[in-house]
Every structure is written in C-alpha cells, then in structure tokens.
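**Student:** Starting from two chains that each stand alone, build the complex the way the hints lay out.
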Amino acid sequence: MKKALSCVWLAIVLLLIYIPIIIIAVYSFTDAKMVGGSIGGVSLDNYATLFKNEGLRDMIIGTVILALGSALISTILATLGALGAHYSKRVPKALIDIANRVPVVNADVVTGFSLCVLLIIILGISKDSYIPLVIGHVVLCTPFVYLSIIPKLKQLDNNLYEAALDLGATPAQALFKIVLPQLIPGIISGFMLAVTLSLDDYFITTYTKPATFNTISTYVYNATKGNQTEVKTALWALSTLIFLIVVIFVVVTNVLSMKKEKNKREKIS
Amino acid sequence: MKKLRLRFSRSQLCLPYAVFLILFVIVPLIVILYYAFTNGQGHFTFDNFKSFFTNANTIGTLLYSLYLAAVTTIICLLIAYPTAYLLARSGFKKQYVLLMLFIAPMWINFTLRITALKEVLSVLEGNLSDFPFLNSVIGLTYDFLPFMILPLYTSFLKLDKSLLEAASDLGANKFFVFLQVTLPLSVPGIVSGVTMVLLPSMTNCVVLEMLYNKTYIPGSLIDSYFKAFDWNRGSMISIVLLIIIFIVTLVTNRFSDKDGERRTIL
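Line by line, the protein sequences are chains G and F. As numbered in my numbering, residues -2 to 266 make up the first sequence, in order. As numbered in my numbering, residues 22 to 287 make up the second sequence, in order.
Isolated chain F (complex conformation) (with noise of 0.2 Å):
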C-alpha cells in the first residue's frame, strides 16, 4: 500500500477505491479458492476437485453449457452481423434512433422480457417442456442479441471507407471487399460480442429455469450448492469457471482493438 502514497496527494484519491477492491474483490477470490480445497471441517483437501472431474454429472453440466453457449452465440452472430451491418453502413437517415430501436430491449429487465417470450412460445408450441434444448437457446439469443450487435456496430462504424474504395479500385468484386477486407476488420468487434454472449449464456440459469428447462448449467450447479449450503463444492465450481473465463479472456485480448489498429496500419 505504500506505493499508493506519492508525492502527488492527488494520486491518493484512489485508495478508497483501492481498499474496497481488495475486500470486496480479492479477499472473496481467495476466499474460494481457500473454500474449494478444503472441506467441511476446513481440512485441506482435494476431494471437492476430484469429485468436480470423476463426477459425470458436473462434468455433462459443464459440456452441455459450452454447447449449450456455443450454439447460442453462433444464432446471435448470425443474426447480429448483418443487423449491426445494415445500421452502420446502409446510409439511413436516422441511423441512430435505428439502433436505439434495437438495443432499447436491453433496459427492460430480462425476467420481464423473458416471461413475455415465455407467454408467446407456450401459445407457439403448447408445452414448453418437450422444446428444452431449443427454447434455451430462443431465451439465451432473445436475452442477449443486443450486447451482439452494439460492439459490432461501433467495429463497423469505425471501417474506414476509403479501403473498400481501394479494394474495389484494385479490381476486386463486392464479395472479396467484403471477405478480405470488411470481414478481417470486424474481428474486433466480433470477438468482443462473443465474449460478451458466450460466458453469460454458460451461467445464465435463471433464463433457463424460467423456460421450464430441467438440465443444468453451472450457474444452477452454483444455486443448487447454494441452496444446500455446500459452500466447498460450490466455490470449487466458482474456481472451474473462473478459470474458464480466465482463459477465454487471454484469448480474446489478443484479438482487441489496438490488434485491430495493427492490422489496419499493416
């Protein structure tokens, strides 16, 4: 802490923020992590570890939501790309209300916006219990569509238009400009839509319950242990998914915006 003191009082303006982070922040990831090596009678232990990775169980949940994810993410960037394409670059007049209308969704609480999908899907098919799998996914995408599209406008927004210009120039047709030029400098905007949806549709339960969903995902795992005040296993499952989104965030740093800029430069 004493670094934090520098000459500059100004610099000192930070340190209740800094102490609130690490109480708040830190102490609780250590604290998991302290809860999912030991047992019950506070032992140290690796029992919540091995039976996280013998036990089909959580291992099936935590499968299920990655495909569960994956699938998810795959329908909102399909139906996102194109959408977040179209606003920024179709020339409308009123381009950002347009967007506005499709984000505005986003403030109305998800459980209101769910209950309201749930009432038109029960009319669609009658019982939403014979539908898990792909009503999970109408949920997750309805739920999350708009953090798809807002990053991938604002990636298309800032394609500057004098490379297409060039590219076509150089003689290449509309679907080359598109594939070699467009596509590589929305990357950015891609990867961060993805792990904007990707990680809250593994942990989401509450969309999923509310659909009348019976399989797991971790989130759920987490309530359940929760519920039962298994506090060991819960932070052991709290400590697998951090890890994940640990490593998906390594992933997709390497792909942010000042690699973007590179790229562009290049």
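Bound-form chain G, shown alone (with noise of 0.2 Å):
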C-alpha cells in the first residue's frame, strides 16, 4: 500500500515533468503547424529542416564547437589550478578558492553583464573576434571543473608522488604519470560539466556573442518572437533529437557501469 502511493507520488511528478517534451515529441513527427492544430499526417519535414535550413545548421554547430572548445579550455585551466592550489600555501589556496567561488554563486546575468562592460567597453575588444565569448564561456565553466577536481586531490595519495621521485622520476614526470591519470574521472566529469552549463547558457552568450552568431539558446529566445512557422516547429525536432541524444546517453553510461560492477564482482568471487 504505502509502496503503491510512493509509485503513483513518483508517476505523478514524472508526468508533470515529461508530458510536454512527449508532446513535442509526438507533434515533431507530423505536419502540424500548432500543438492543438490539426495533424494531417506523418511527416519527417521537420528533421529535414533542422539539416536543410542554413541559419538552423550553422547554429547546431556553433553551438557545439564553442562548447566543446570553451569546455577544453576550462578543463585545462581548472586542472592546471587545482592542482597548483592543491600543493599551495593555506592563504594563497584559500584566495584561488574563494576568487573560484564568485562566478559560481553569482548571477549570470551579473557575470555577462560585468564582463562585458570589461572587454568590450572598456578594453574595446570587439564581439566579432569571438574572443569575450570564449572567456565568458570559459569563466562560467572553470570553477565547476575546479570543484570536480579539488575532491579528487584530497583523495590522493602523497607518498606515490615522493616514491616516484625516490624511484628517479623528474617531479614533471610524476606530475603527469603518477598524479594526473588519478585525477582522470574528475577531469571527466569536470569536461561533461562544462559542455552542460556552456551549453545550456544564455546570459553570457548575449552579452558577449557577434551579432550574426547564435546558441540553441539564443536561437531559439529570438525564434520564438517571431512568426516563422517552419523555424519553430523545426525546433520541436531539435529538443527530440536532444531528448534522444541524452537518453541514450544514460542507457548506455548505465549498462556500462552495471558491466562494470559485474566484472569487479566476478573478480571477486
């Protein structure tokens, strides 16, 4: 009984969640102009838009290389910092630390906006260059990545460090054989987080883009002010593409690590 009403809280809040993203879905694959229009039939139009129309393509694929790249960026940054701060002085970690929390808590709009009076107004850099996106981006996403990294160090063990150095490595070379590859899954995780947030960005992205280029996110804010019908209904094809994207993502990250416990399992009987 109390099994059964959990169930129902749980279906309740996932439906409220995913009725509009199955609607979109459902209403993706047909000719309909307006969800609640009439559907004449099944069509695929609306995907080949996404691959057909210029402005849609050229978006898609900014979008990803910025974020791609914003995220490569930040992961670096945020993996060289930690790991300076990580060996640090108490003050002088605790300044990085706390300069590293302000674009965290601080309002995008405020981190846009600030930036932008900085570089383009004041320094005169111009929006075309794409240089004060990038750094936008690239401010967003470094302390997350930073903060993905940081418990990884904590967790580390300092004597293989020394014992790499007793064993006549250069303190570069245990830097890079012995502590790095440890650190790996936060790097990862750190770079997924970044293409997330660089992706799902707004704020900074008007602030510092070139008039001519677009985000999804700016895409689709402008897109929706005006009247074009085929943009528009091309749009539901994207967020199911994404949709689908994301849960095969978690389908396959899943039975991945479900392998993965089996294997250490065996290992272990």
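No wet-lab data here; the hints were simulated from the structure. By construction, the Cβ of each residue, glycine as well, lies at the ideal position given by its N, Cα and C atoms. Careful: at least some of the hints might be erroneous.
Stated by the list, open to error - Under the rule of at most 30 Å between Cα atoms (straight-line distance), these lysine-lysine pairs were calculated in the DSS-like manner:
| id | chain 1 | residue 1 | chain 2 | residue 2 |
| --- | --- | --- | --- | --- |
| 1 | F | Lys248 | G | Lys124 |
| 2 | F | Lys114 | G | Lys261 |
| 3 | F | Lys182 | G | Lys(-1) |
| 4 | G | Lys222 | F | Lys248 |
| 5 | F | Lys182 | G | Lys257 |
| 6 | G | Lys257 | F | Lys115 |
| 7 | G | Lys0 | F | Lys248 |
| 8 | G | Lys0 | F | Lys179 |
| 9 | F | Lys195 | G | Lys30 |
| 10 | G | Lys151 | G | Lys257 |
| 11 | G | Lys261 | F | Lys179 |
| 12 | G | Lys0 | F | Lys115 |
| 13 | F | Lys115 | G | Lys264 |
| 14 | F | Lys179 | G | Lys259 |
| 15 | F | Lys139 | G | Lys0 |
| 16 | F | Lys179 | G | Lys257 |
| 17 | F | Lys114 | G | Lys256 |
| 18 | F | Lys248 | G | Lys(-1) |
| 19 | G | Lys174 | G | Lys256 |
| 20 | G | Lys256 | F | Lys248 |
| 21 | F | Lys182 | G | Lys261 |
| 22 | F | Lys114 | G | Lys259 |
| 23 | F | Lys179 | G | Lys(-1) |
| 24 | G | Lys151 | F | Lys179 |
Said to hold, decoys possible - Simulated restraints, written as ranges between beta carbons of each label pair:
| id | chain 1 | residue 1 | chain 2 | residue 2 | range |
| --- | --- | --- | --- | --- | --- |
| 25 | G | Asp163 | F | Lys114 | 47 to 53 Å |
| 26 | F | Gln33 | G | Ile128 | 24 to 30 Å |
| 27 | G | Ile128 | F | Gln201 | 54 to 60 Å |
| 28 | F | Asn194 | G | Cys4 | 20 to 26 Å |
| 29 | G | Leu153 | F | Asn194 | 45 to 51 Å |
| 30 | G | Val23 | F | Gly147 | 19 to 25 Å |
| 31 | F | Gln33 | G | Val244 | 40 to 46 Å |
**Tutor:** Okay, structure coming up:
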C-alpha cells in the first residue's frame, strides 16, 4: 500500500515533467503547425529542415563547437589550477578558492554584464572576434571543473608522488604519470559539466556574442518572438533529437557501469 | 603574487588560473563597482544609487522578483522533498536509473523545454497573458525542479538508517521520527537546493519573457539597461544583486554539510 502510494506520487511528478517534452516529440513527427492544431499526417519535414536550413545548421554546429572548445580550455585551466592550488600554501589556496566561488554563486546576468563592460566597453575588444564569447564561457565553466577535481586531489595518496621521485622520476614525470592519471574521473566529469553549462547558457552568450552568431539558447529565444513557423516546428525536432541523445547517453552509461560492477564482483568471487 | 612562488614548482601550476581569475572575475567586479558610482562622464556620483532606491519601478521590480522567487522555491521544495525522499528511501531496485529519469530533462536546453511548456500551456489556457504570475511560477518551477531534487536526494542518501531505527526503538512514532530525525538531518540538502533555485529564479528573465510575461525582474532590468547602453545603472543593479547573493551565501554557509555532520555527532 505504502509502496503503491509512493509509486503514484513519483509517476505523477514524472508525468508532469515529461508531458511537454513528449507532446512536442509526437508533434515533431507530424505536419501540424501548432500543438492542438490539425494534424494532416506523419512527416519528417521538421527533421529535414533541421539539416537543410542554413541558419539552423550553423547555429547547431556553432553551439557544439563553442561548448566543446570552451570546455576543453576550462578543463586545462582548472586542472592546472587545482593541482597548483592543492600544493600551494594555505593563504594562496584560500584566495583561489574564494575567487573560484564568485562565478559559481554569482548570477549569470551579472557575470555576463560585468565581462561585457570590461572586455567590450573598456578594453574595446570587438565582439566579432569571438574572444569575449569564449572568455565568457570559460569563466562560466572553469570554476565548476575546478570544484570537481579538488575532491579527487584530497583523496590522493601523497606518498605515491614521493615514491616516484625516489625511484628516479623527475617532478614533471611524477606529476603527469602518477598524479594526473588518478585525477581522470574528476577531470572527465568536470569536462562533461562544462559542456552542459556552456550548452545551457543564455545570459553570458547574449552579452558577449557577435551579432551574427547564435547558440541554441539565443536562437530559440529570438525564434519564439517571431512568427517563422518553419523554424518553430523544426525546433520541436531539435528538442526531440537532444532528448533522444540524452536518453541513449544515460542508458549506455548505466549499462557500462553495471557491466563494470559485474566484472568486479566476478573477480572478487 | 610573490606568495604563489613557493619552493615547489608544483604550486606554480596554478599561476595561469590565478591570473585568469584576477583578470576575468575580480577585475570585472571592480569595474562594475566603479561604473555604479560614476555617471556617463566618469564623475563620481551617488545618483545611480539614489535613483535605484527612490525609483518605484526598480524597487518594485526587486520586491516582485523576491516574491516570485520565494513562491517558486517553496513549490519546488514541496514537490522535490517527497520525490527525493521516496527515490532515496523506498528501496526501488534501479534507484539510480529512476533518479536519472527525474534529472535527465536538465540536459535539454532550457529554452527548448520552456518552448515545449509554452505550447502545452497555451492549449490549456488559451491566452497566456491572462495568467502572468501563474505562468511564471510554472515556468520557473519546471526549469529548476531538478536542481532541488538532486541535493535533497544526496542528503537523504547520506542519512544514517540506524538513527531512524534508534528513534523508533526509543518509542517515537513514524511522524516523530520524521520530525525529529529525518527533517533536521535533511537541512543541508534543503539549504543547498533552496540556493540553487532561489537565486537563479530571481534573475532568469528569459523564462518569463518566453512565457509572455510583461512584469520585470532584475535580470530584465539589467537586460534593458544593456540594450540602452546604460552601463552605469546596469552596474548599480548588478551590485545590488551581488549584495543579495552575498548575504544569501553567508546565511547558507552556516548550514553547510559540515554543520550537518556536527549535528549528527551531537
């Protein structure tokens, strides 16, 4: 009885979360121009538009390149920063920790606005150079990557580094061959987080992007203001595609982790 | 900077990030502080400050956004608390997969999710502008719910089962076990969930604008000053927001996880 009740609650919440996404997904496969409107038949036109419409295609490719690029820069910066901070004295480490916390707690509007004032108004860097945009996204992502690496550093066994030095490794070798590999899980999850943050950002992008460049967020926001039905329904297809990618990703990572656990158990027994 | 140069070369690895933080995190804050207290000609002035606190529009916006964010946060908490509790404590077999189901929508771009929500709401309501407040709350709740579920779920997962058993062995009924043990121990989760929902929902004007809401929140004020090239007043609002964020962070830091641990030991 109790279990049934909790199942009902969870089902209701899930339903509320997924109703909009699923309705859009269903409509994306039809030729309907609006939700609740007449459906003439099944069609894949929305998906075709996604690849044929130049503006849409460029926007998708641009968003992905920006996300991967800024995530890569963030990951390198944060990894070096976390390593350095971990081996620094208390005061400099605390200072970096505090500065690192600022973009985390700060509102994105404020981060974007302040960067825009500094880079574009005061330093006069052209928005078209993409430099403000990339810096903005790196500012947004790096602190989170840093925060996901620091716990791994705390778990680290310092003796391993010393042992490597005793066995004749140079400090650089010890760092890259002994310390860095142990941080890989934190670095990977930090990278993934950075990609997600960059993909989902709206405010920093609008304040720093070149006028002709759009990411998914700014594109969708502008598209909902206008009345271009073709683009609007193509966005349903985009949302469905992203949803499918997320589902596949979740399933694959789950299956992989289950297999890993199975292997571990078999090895132990 | 000299302090960073320690005898180990390892600590110097953080130099690039330290420089980056100073240039693009600290300096921008100093810049908007300067802009907030100067006028267009660069003269020092309190005018932006005064006009912020005497202008009914800006103060009204701030209060409205606080109200909106508070209502959103409470509704998120009311939905997320039982959800996270059931997910973590009901002993479902594929607990983790179930949790992923609840937070997976987080990875779909929020503008796309809000578009989907808007389509559904317009079918239900007809004219969206008839219910501006309701739509804003629904939109923000829909956007931020996963951020409330996640920290609550972690805090329930950490909860020590033996404490619950001890409480019921000592004669507490289920209601009292919840009130005296579960609830106090989930405070860190509640606090971090509240910060993750309260502050963003105060400033995310995009969700509101996409749902055809004409009422402004501070985010939209900054946006309007940005579009009008009024850097000084935009900076003033940013500073006010920063102060609010700073206060909220100070308050929530007192309830962080360490505190929770201490309470467990006591």
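**Student:** Now tell me if each hint is right for this structure.
**Tutor:** Here's how the hints hold up against the structure:
About 15 Å separates the Cα atoms of Lys248 (chain F) and Lys124 (chain G), which keeps this hinted pair within 30 Å; it holds. Taking the CA atoms of Lys114 (chain F) and Lys261 (chain G), the gap is near 20 Å; set against the 30 Å cutoff, the hint holds. Restraint check for Lys182 (chain F) and Lys(-1) (chain G): satisfied, since their Cα atoms lie roughly 19 Å apart, inside the 30 Å limit. Our distance criterion of 30 Å between C-alpha atoms is met by Lys222 (chain G) and Lys248 (chain F), whose separation comes to about 17 Å.
Taken as a hint, the Lys182 (chain F) and Lys257 (chain G) pair is honoured in the structure, with Cα atoms around 28 Å apart against an allowance of 30 Å. Among the hinted pairs, Lys257 (chain G) with Lys115 (chain F) is consistent with the structure: their alpha-carbon atoms are about 16 Å apart, no more than 30 Å. In summary, the hint linking Lys0 (chain G) to Lys248 (chain F) is not supported, as the alpha carbons are separated by about 53 Å, beyond the 30 Å threshold. Among the hinted pairs, Lys0 (chain G) with Lys179 (chain F) is consistent with the structure: their alpha-carbon atoms are about 21 Å apart, no more than 30 Å.
Taken as a hint, the Lys195 (chain F) and Lys30 (chain G) pair is broken in the structure, with Cα atoms around 53 Å apart against an allowance of 30 Å. Only pairs whose Cα atoms come within 30 Å are accepted, and Lys151 (chain G) paired with Lys257 (chain G) is accepted, the gap being roughly 25 Å. Restraint check for Lys261 (chain G) and Lys179 (chain F): the C-alpha separation of about 24 Å stays at or below 30 Å, so the hint holds. Between the alpha carbons of Lys0 (chain G) and Lys115 (chain F) the distance comes to roughly 15 Å, so the proposed pair stays at or under 30 Å and holds.
Taken as a hint, the Lys115 (chain F) and Lys264 (chain G) pair is honoured in the structure, with Cα atoms around 23 Å apart against an allowance of 30 Å. Note on Lys179 (chain F) and Lys259 (chain G): the hinted pairing holds, with a Cα-Cα distance of about 24 Å set against a maximum of 30 Å. Between the alpha carbons of Lys139 (chain F) and Lys0 (chain G) the distance comes to roughly 34 Å, so the proposed pair goes past 30 Å and is violated. The straight-line distance between the Cα atoms of Lys179 (chain F) and Lys257 (chain G) is roughly 24 Å, inside the 30 Å bound, and the hint therefore holds.
At roughly 16 Å between alpha-carbon atoms, Lys114 (chain F) and Lys256 (chain G) fall within 30 Å of each other, so this suggested pair holds. This hinted pair does not check out: Lys248 (chain F) and Lys(-1) (chain G) have alpha carbons roughly 55 Å apart, beyond 30 Å. The suggested pairing of Lys174 (chain G) with Lys256 (chain G) holds, with an alpha-carbon distance near 27 Å, which does not exceed 30 Å. Between Lys256 (chain G) and Lys248 (chain F), the direct Cα distance comes to roughly 53 Å. Violation of the 30 Å bound is thereby established for this hinted pair.
Straight-line distance between C-alpha atoms of Lys182 (chain F) and Lys261 (chain G) comes to about 27 Å, which keeps the hinted pair within the 30 Å bound. The hinted pair formed by Lys114 (chain F) and Lys259 (chain G) meets the criterion: a straight-line CA distance of about 16 Å does not exceed 30 Å. With a C-alpha separation of about 22 Å, the suggested pairing of Lys179 (chain F) with Lys(-1) (chain G) holds against the 30 Å cut-off. Between Lys151 (chain G) and Lys179 (chain F) the alpha-carbon distance is near 20 Å, which keeps this suggested pair within the 30 Å criterion.
A beta carbon spacing of about 48 Å between Asp163 (chain G) and Lys114 (chain F) agrees with the range 47 to 53 Å that was offered as a hint. Our hint of 24 to 30 Å for Gln33 (chain F) and Ile128 (chain G) holds, since their Cβ atoms are close to 26 Å apart. Separated by about 56 Å at the C-beta atoms, Ile128 (chain G) and Gln201 (chain F) satisfy the suggested range of 54 to 60 Å. Separated by about 24 Å at the C-beta atoms, Asn194 (chain F) and Cys4 (chain G) satisfy the suggested range of 20 to 26 Å.
Roughly 46 Å separates the CB atoms of Leu153 (chain G) and Asn194 (chain F), a value that falls within the hinted 45 to 51 Å. Under the hint 19 to 25 Å, the C-beta atoms of Val23 (chain G) and Gly147 (chain F), about 21 Å apart, fit the expected range. In this structure the supplied range 40 to 46 Å holds for Gln33 (chain F) paired with Val244 (chain G), their Cβ-Cβ distance being about 44 Å.
Consistency with the previously given hints fails for numbers 7, 9, 15, 18, 20, ordered from lowest to highest.
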